[in-house]
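One letter stands for each residue in the lines below.
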Amino acid sequence: DAKTTQPNSMESNEEEPVHLPCNHSTISGTDYIHWYRQLPSQGPEYVIHGLTSNVNNRMASLAIAEDRKSSTLILHRATLRDAAVYYCILIRRSSNTGKLIFGQGTTLQVKP
Amino acid sequence: GAGVSQTPSNKVTEKGKYVELRCDPISGHTALYWYRQSLGQGPEFLIYFQGTGAADDSGLPNDRFFAVRPEGSVSTLKIQRTERGDSAVYLCASSLDGRDNNEQFFGPGTRLTVL
Numbered sequence: 001d002a003k004t005t006q007p008n009s010m011e012s013n014e015e016e017p018v019h020l021p022c023n024h025s026t027i028s029g030t031d032y033i034h035w036y037r038q039l040p041s042q043g044p045e046y047v048i049h050g051l052t053s054n055v056n057n058r059m060a061s062l063a064i065a066e067d068r069k070s071s072t073l074i075l076h077r078a079t080l081r082d083a084a085v086y087y088c089i090l091i092r093r094s095s096n097t098g099k100l101i102f103g104q105g106t107t108l109q110v111k112p
Numbered sequence: 113g114a115g116v117s118q119t120p121s122n123k124v125t126e127k128g129k130y131v132e133l134r135c136d137p138i139s140g141h142t143a144l145y146w147y148r149q150s151l152g153q154g155p156e157f158l159i160y161f162q163g164t165g166a167a168d169d170s171g172l173p174n175d176r177f178f179a180v181r182p183e184g185s186v187s188t189l190k191i192q193r194t195e196r197g198d199s200a201v202y203l204c205a206s207s208l209d210g211r212d213n214n215e216q217f218f219g220p221g222t223r224l225t226v227l
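In order, the protein sequence lines correspond to chains A and B.
Residues in the first sequence are numbered consecutively from 1, following my numbering.
Residues in the second sequence are numbered consecutively from 113, following my numbering.
Only chain B is shown next, with the shape it has when bound in the complex (with noise of 0.2 angstroms):
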């Protein structure tokens, strides 16, 4: 079956812009996760959500990021005046139910770059 894709797999925008980063998880699952890579760190987590309502938000950087996920499928993360420092790669990942031993499965990632 199909995994989790995301799109766009490259954005590139100047700094202060609006920009949106979508999520297709896999089928099924109820759980749904973001995180946000930096080059040569390991992925931080951003966001959960539980069906349509945000779980837990609480690696959100600032005000700045939002995300939504309006049907409890499709996810977008949302962020607004971009900055330098937010170029990274966004993953998005999902899992059947959020519980502790369910594998999450990763989609490929959207790179960001802010210039």
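This is chain A alone, in the form it adopts within the complex (with noise of 0.2 angstroms):
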């Protein structure tokens, strides 16, 4: 399975933008780029998923480079509630599972 790489963690101030990057050199034509988070005590939910084009949902945008071997998760404006730690995972196009492999995150810190 090809693997992800995320910085150990960032900071952030409220209501100011956040970029979270992920590197994935060696994502396949057929992996699905997704982002959980997890809040603290909580279990993982969903954020946002994508293929080859930029996606924008209510909770985020996920900017994907032209050659696939990046992505960055940003989120728009900070909020307090959005300090958590961020996956970056990749699953292969019918996967018969879709099992989610994790790595270690990027823990986000959000400053007032």
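Be aware that a few hints might be false.
Sample of chain A residues at the chain B side, in silico, Cβ under 7 angstroms [what the hints assert, rightly or not]:
#1 Gly43
#2 Pro44
#3 Thr97
#4 Phe102
#5 Gln104
Computed, partial: chain A to chain B, Cβ under 7 angstroms [claimed, not checked]:
#6 Tyr32
#7 Tyr46
#8 Gly98
#9 Lys99
#10 Gly103
#11 Gly105
To be clear, the hints were calculated from the coordinates, so they are not data collected in a lab.
Just so it is clear, CB atoms sit at the ideal spot from N, CA and C, and this is done for glycine as well.
Work from the hints to combine the two standalone chains into their complex.
See below:
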């Protein structure tokens, strides 16, 4: 399975945009890029996913590099509630399980 | 609607004992997953059910771990002869049908402590 690399931690100020990077240089053409986040003492929750094109939803935006070797999760205005561990995960298209392989993730701190 | 629920929320047991952890997935979700999360680590996949059958149990660490889902809804993770290294948060997730892009919904987890 292709591996992802994320910074261990990042800091942001409240109400400012946050860009969380993810490197996946060995991504294959059939791998989807998924992001989940885990708030303290909770189970992970889905944030967004994409394949080639940039994606937007109510929670965040996902910017995917043209060569797909990296992607960036964008929180447009960070709130204190966005403090969490963010995981970038690759899932093979037509995977027969959809299982998630989590790395260490990026711990995001949001300062008031 | 109701999300994924897990019981108990906390379980303390002694080394060598048997434990059962329960997961109630979202109604109608055919795919169910178990993960284990040690302190400071990301969740680690254990087993995946599609309906009643275990479609992928490649993450179960050894034969002390077993899971069932007899009616395709509730699942139970069973751990025999618990060891201190089994202490972790056990997470359950469900998705509509297990396809690669279906969002997984996680429960709050069961914190297992083996003394």
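(message) Checking each numbered hint in turn, tell me which of them this model violates, lowest number first.
(response) none
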